[in-house]
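Can you build the whole structure from these sequences, using the hints too?
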Amino acid sequence: MESAGYFAVAELLANAAKHSGAPEVRIHLSHTDGALRVTVTDDGRGGADPGGSGLQGVRRRLDPFDGTLVLHSPRGGPTTATLEIPCASSSPKTSSSSGTD
4 MESAGYFAVA
14 ELLANAAKHS
24 GAPEVRIHLS
34 HTDGALRVTV
44 TDDGRGGADP
54 GGSGLQGVRR
64 RLDPFDGTLV
74 LHSPRGGPTT
84 ATLEIPCASS
94 SPKTSSSSGT
104 D
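Heads up, the sequence shown is in this note's numbering, so the first residue is 4 and it goes up one at a time.
Since the hints were derived computationally from the structure, they do not count as laboratory data.
One thing to keep in mind: the hints can contain errors.
To be verified - If you anchor each label on the Cβ, the simulated ranges turn out as follows:
id	residue 1	residue 2	range
1	D46	D69	26 to 32 Å
2	S6	R78	30 to 36 Å
3	R78	S33	27 to 33 Å
4	G55	T35	14 to 20 Å
5	F10	H34	16 to 22 Å
6	E5	P26	27 to 33 Å
7	C90	P26	14 to 20 Å
8	G79	G37	18 to 24 Å
9	D36	S56	17 to 23 Å
10	Q59	H31	22 to 28 Å
11	G50	E5	19 to 25 Å
Even for Gly, the Cβ is constructed at its ideal location relative to N, Cα and C.
Now the structure itself:
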């Protein structure tokens, strides 16, 4: 799951760098309701093609984990892509309640 999230975000950043003309790209990460949410927003020209190979690749990476990608990219911008991947908030190895100190 970690590598799918990493490569999905990398693709969104590559798309912003290649297509948006944006001087700024922002990434926001959160863990809410059992899901990792990553939002990538750029202040570029917008008009991203949801059927483009890069965005389809992001969706293919997320599908095995029941992840989703929501794209909002009106012409003139900005573009916001939000991905969500269901996950647990912690594992027994990292949880403070695991009984190990």
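For each hint, the structure was consulted:
Roughly 31 Å separates the CB atoms of D46 and D69, a value that falls within the hinted 26 to 32 Å. A C-beta distance of roughly 33 Å is found between S6 and R78, which places it inside the suggested range of 30 to 36 Å. As the Cβ distance of R78 to S33 is approximately 28 Å, the hint placing it in 27 to 33 Å holds. The given range of 14 to 20 Å is broken by G55 and T35, whose C-beta atoms sit roughly 28 Å from each other.
Between F10 and H34 the beta carbons are some 19 Å apart, a value that agrees with the proposed interval 16 to 22 Å. Our hint of 27 to 33 Å for E5 and P26 holds, since their Cβ atoms are close to 30 Å apart. A beta carbon spacing of about 32 Å between C90 and P26 contradicts the range 14 to 20 Å that was offered as a hint. As the Cβ distance of G79 to G37 is approximately 35 Å, the hint placing it in 18 to 24 Å is violated.
For the pair D36 and S56, the supplied restraint of 17 to 23 Å is violated, since their beta-carbon distance comes to about 31 Å. At about 23 Å, the beta-carbon gap between Q59 and H31 stays in the expected band of 22 to 28 Å. Here the CB-CB span from G50 to E5 is close to 31 Å, at odds with the stated 19 to 25 Å.
When each numbered hint is compared with the structure, violations occur for hints 4, 7, 8, 9 and 11.
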